[in-house]
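Protein chains in written order, with our numbering: chain A, 1 to 435; chain B, 1001 to 1828; chain C, 2001 to 2212.
Rather than coming from a laboratory, the hints here were simulated on the basis of the structure.
You may find that some hints are simply not true.
To be clear about the criterion: a stretch of chain B counts as covered by chain C if any three or more of its residues have a C-beta under 8 Å from a C-beta of chain C, and this derived list gives those stretches [to be verified]: (1) 1132–1142; (2) 1189–1200; (3) 1356–1365.
Cβ-Cβ distance ranges computed for the label pairs, FRET-style [claimed, not checked]: (4) B:His1776 with A:Arg22: 19 to 29 Å; (5) A:Ala417 with C:Gln2074: 45 to 55 Å; (6) A:Ala23 with B:Glu1022: 57 to 67 Å; (7) B:Asn1401 with A:Arg22: 46 to 56 Å.
Pulled from the structure, derived: some chain B residues nowhere near chain A, Cβ distances all over 10 Å [claimed, not checked]: (8) Gly1543; (9) Asp1584; (10) Arg1645; (11) Arg1693.
Note that beta-carbon positions come from the ideal geometry of N, C-alpha and C, so glycine has one too.
Here are the chains, one letter per residue:
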Amino acid sequence: MTQKILFKNIDEPGLATLDVYRARGGYGERLRMALSMSRDALVEELKASGLRGRGGAGFSMGTKASFLPKGQLDKYLVCNADESEPGTFKDRELMQKCPHMLIEGMIIAAYAAGANRSFIYLRGEYEQQADILERAVHEAKVAGFIGDRILGTDLSLSMWVHRGAGAYICGEETALLDSLEGKRGNPRLKPPFPANQGLYQGPTLINNVETLATLPHIIEMGAEHYAKIGVQNSTGTKLVSVSGHVQRPGNYEIELGMSSRDIIYGLAGGPGEGRSVKLWFPGGSSSPVLTGDDLDLSYDFDTLAKAGTMLGSGAIIVADDQSSVVDIALKTAQFYRHESCGKCTPCREGTNWTVKMLERIKSGDATPMDLDLMASVCENIIGNCLCVLGDAMAMPIGSMVKKFRGEFEEYIEAARAAAERELLAGLAPTQPVAA
Amino acid sequence: MPRPEHRSITFTIDGREVQAPENTILVDAAKLGDVEIPVFCYEPKLGQPVGACRMCLVEIEGIPKLQTGCSTPVKDGMVVHTQTARVKEAQAAVVEFLLINHPLDCPVCDKGGECPLQDISYGWGGGTTRFIEPKRHFVKPLELSPLIAIDRERCILCYRCVRFSQEVSEDYQLVLHERGAATFVGTFDGHPYVAPFSGNIIELCPVGALTSRPYRFRARPWDIEGSGSVCTLCPAQCNVSFTVRDERVLRVLARQNDGVDDGWLCDKGRFAYQSVHSDERVTQPLLRDGGELRPVSWERALATAAGLLKKAGAGVAGLAGGESTNEEGFLLQRLIREVLGSSHVDAAGVDPVDLWSLARPDLQASLQDVEYAHTVLVLGTEPVDDMPILDLRIRKGVRRNRVKLAVATARPSSLDASAALSVRYAPGGEGAFVTALTAAVYGGDVDAPAAAAGADVDAIRTLAELLRTGGGDDDNRAPGDVVIVWGTRLLGADGGAVTPALLKLASGLALTGRDGGGLLAVPASTNERGLLEAGVAPGLAPGFGDTGAAGESYAEAGIARALRDGDLTALYLLHDDPILSRPDAVGWDRALEKATTVVAHAQFLTAGLREHATVVFPAESYAEKEGTVTHPDGRVQRLRPAIGRQGQTRPEWWVLSELSRRLGADMGILTGAMASRQLFDAVPFYAGLTLDRIGGRGVRWPADPAAAAAFPPPPEVRRDVAYETTATPNGALRLGTFRSIWAGIEVELSPALTFLTPRQQVEMAPADARRLGVAHGDKVVVAGDGASLEATVVLRNAASPGSVFLQTGIQTDAANGLDAALVEIHKA
Amino acid sequence: MSTPRIVNGIARYEHGSRVPGWDEAADLTKDPAGVPDPAVVEVPADLRLEIESYMARYPDSRSAAIPALKAAQQRYGWCSPEAIEQAACVMRLTPGYLAAVAGFYDQLETRPVGRRPVYVCTNISCSLRGADALLAALQDELGDAPDVNLRGFECLGACDIAPMVSVEGVYVGPVDADEIPELARQIRAGDEPLPAKQLINRPSQDPDASAA
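Pulled out of the complex, with its shape left as it was, chain A reads as follows:
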């Protein structure tokens, strides 16, 4: 049994209220302790915990906080709650059931970063969660945990929940900043990085919900203790969202380094009776897919990277042996085409082109040579874009073509044959053919 940190007592009635949260130790000694440390000591503590960002990139949280320049500047803390990576729904449960944990974490992060204004950029679709968060922020303001001179210290912090309006790209931190500034959510060139020039050109620390919610616990148990959980370079626990063809889809808090099989089968129940895992995304739809042969990989940042994929946001999507890889590829590509902001050429045109090629495969107008073309187009996208959205389509699609080329070729042949038959029969447009 994994030690529960974030999900401890998560279903306790009333945990979303200030009273219950405080009764569980929230805003108590640990917050006082954090705010009594020097900023540098706090940052060192966060570094020592080994906590890596839970949003997808996996960058050391403490190091990121240490990048912010010192001095009397307007600095900002932004919580990235634009949870949009397909397959990811962990932040939603956390914010809905224990919003104060996030708020407390943000107070600590703001202190570490020297920020005095903070925003929670929440995806617009999470309306119920937004209401809960806003209530919680209000409660915290009334109780004096947000506002001027928090707990009698020098820290003053404002906090607002900013609701987005439906754009996956706003989960990319610089696009999020543009969106929060009231613009179209286009990613920015980096450098400058947000730590130097972020929101309103000011130094800005941006972290994911889960990352921030972990901070109170790190302070409470001590960085040294926290760092002992998990494996090397992947310390602590992680919320994993498991979905797709599993019997118990949901969020699970695991210790990093657990075997993937134990997550998919042990926790989530695996595919239904008599089915097996055909492919799975280990870290959201942007991660290159793995197959049923990869189930014994340790679920941690480094192992997955070595396997040519990534832990990402910790979202496992499982497809069983009856699903069509062509359908999954098309869904994936369509998603990225829809969500491409259009700013840079390879992503805008490449995602569009890839969808057209997959549609051609579906309609029986493709040849196996198109698979090489598709792989080449994906190659031309990877590494050439302004942000990672293009790569996020090209890498999984590339991995699917590579790992399931045989199935693609069979599909192409079957679809061509069906299309020819229908053409000869003078029938209306082709229907998709199951592989």
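With chain A held as given, fit chains B and C onto it using these hints.
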């Protein structure tokens, strides 16, 4: 704000060691080593690079991923490769992506032959495409505005146009709709993109997506020649390149000169070239015969004019319009003074000693100072109307260099939204306002002049504080570099009080002799400064010398009065129609009526000339002219003829010199260049100028210490002049005026711009409209001092109650028909 | 504006494009769209107050663009030209600026639609569990409900209840095939959708979560 300084570094590109200033953007630095890195979205004029098109990917040693050359500043020791297989593949891939939906309709595309997409596809593309799906097809071209056609098939989404609209002109009208592959350029709800600077997007577009409707299908790049000159349609004097085919101007492009225009043009400058070829042009000499102007031979026109002028002798006065060149003005004053023995010659219409005092080189700010100053004060002018390109420069300073902008005007300003502070005064309160501001900076009574100006005392004090402390920090309060951009129209309003106050303000802010700060005049007409320096001013010889004339020399208003009174009998008009361009149209109408002789050089027969001119010589347009003009910041710039003169038109210098010969005096001028030579010799601070030295970029004489030393010190201005008090409305409304960027006959006569011809409108505050029972869009009659005109009501929330504003410079119902401080308004 | 035809599951406009708007020229009889002057554009007082309260939250009031557009959309049913112009008037921005923002985000509607958004997630996890059939069935049931804006949507972040529907922000799922008529009825009537299947009441799946 100190201008950035760069040390030189060495980096390596494709094996070549290249010296470049540190932090130069790699794309630019590469050019120093003769390496071209292809770009679409990169355009430094648009601000920070965006890295969107990905065309400029290059390999930099030590960095694993390919980098965009448009966003990488060069550092010492950097090693760059642009020819490796990786780079070539990536660049070819980007070209392939860009061409997926591009129609490749080059044979019927206006951009063909001068198209970056063509060039880059040829130079860096793979030559083939693997995209076999159908391309998009749409109705095309579509109208984006009456001036611009948009072809969305061709668009490669480089965003230059929308960045211009949003980050340069800041009109925020042109935007992107939708997102991803569906993104397209457009406007709100189908409104046309009409804005003072919209035409620049045509030049910015690297493909044929945005084309000029007036230029479409008029020529191919191999049919045309470019001819560099200067636009003289307004005081901004932007550097332009005329596109000429078969002796016709077909297009005007910007000719970037950072000291003048930053490479932008306003739409008037870009499209009003059409008036050059208007059928309305006067192309042969005209003589009044039987009450009507009829074409005559040059000989007859010259002989008649010479005879009439000889008869009038010292009873002749000369007026030069703002579009006259320095040489034309110089020769005009020679004709009037030396040949005819009159002392009455004017151009600006305000006290020339005021202009002289305020044009001192030690107080002169350069145009570029506006961009780097700590604080810019815009005083009594609306740059977008009066000197459009200056508006962009001010915005650039605020946006890029965090210049603090303060605006002090009677009429709400389009710069208010960018300003740290905006202060209003009432029309007629100009002198009192500047006096109050000076007192607030320098010490003295602020309350009384502020009240007389109809301005808020606290706002004036805040403004003074901003000016005094803009350069320092909390511990060290210093004025820093302040540029005061002031409209010379202030002098027409209450010059006697404005000049001493402004001089005192400048010295109070330590602007005397300061690099990076000072005064920058926004003249009321194109070459106001040059004509003044060339001696077209009452009582002042070229170079502010002594004319040696006895008795009073009339300025414009005096000339009108003297003509009405019969003290003067003849008027020589050089590019001027006083009824259109001068205050008190009614008074001028009577003056011209009374004059026995009116000799005019004109391109167009405007109302005053049609009614009153005796002899009209066809005048050159700015595309036909040679000579020089002087920019408001002292830059002497050179006009060069781009096309032959229309019809029988002869150069003005020749006509003036020929008349002079016929009147018995040889000016000694056989060519235009000789006129320039004479001018340079006559003006002490133009000494050493030659047309060659002026060249294509101009010479700022105030920046030349020798020239500045040769500037004659102006006489002490009177310091005890009382300011005027703004009129008390008492139920009526104070009248203020402004001149729209679109005012002017050139706009009306250019078919492409006709739709912009301003109609009279009266801008007022909603409170006044409610009181008068009129609504936005109503037709009303504005009456004052016995005259009246028709106008349409325009409500502005920011307008100060009690004052209304009308336009001048328009052909009908112009505000100069009302010579009144207060007006009444009622429904038409 | 024409409505798209669905060909092979893809919406295509009359001109064959999937992109609306590309074929629209500017209307040269209109004036250019600058920042609306409050003296000329009237804004309902409550809408103005709401937008101004959002503007006050941020160091740069422009940040309130999305909340302001949502407020205007709430009032007018979609980001109509009128809605955008009023929001622009309060925010001192051009309507073009806000139109560009509105066009970027999926939840902001730039064409007239039903007032009540019903989103069916059709992303990977949901489609593996039958989302496409769910969307089709709901379209059949609700195709004629004029005030419902039923559309397929990208991942709504509720893959644990796939296939799922967001009914005006209330997440329900997993929606079984036999529940679809009832859900459609509830949506049409404006009733609470599938109360037993609402995400908000779903306990954590982590077996040890509630243990200490």
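Hints and how they fare:
no., hint, in the structure
1, 1132–1142, "holds (count 5)"
2, 1189–1200, "holds (count 7)"
3, 1356–1365, "violated (count 0)"
4, B:His1776 with A:Arg22: 19 to 29 Å, "violated, 57 Å"
5, A:Ala417 with C:Gln2074: 45 to 55 Å, "holds, 52 Å"
6, A:Ala23 with B:Glu1022: 57 to 67 Å, "holds, 60 Å"
7, B:Asn1401 with A:Arg22: 46 to 56 Å, "holds, 50 Å"
8, Gly1543, "holds, 49 Å"
9, Asp1584, "holds, 49 Å"
10, Arg1645, "holds, 49 Å"
11, Arg1693, "holds, 42 Å"
Checked against the numbered hints given earlier, this structure breaks hints 3, 4; the rest are met.
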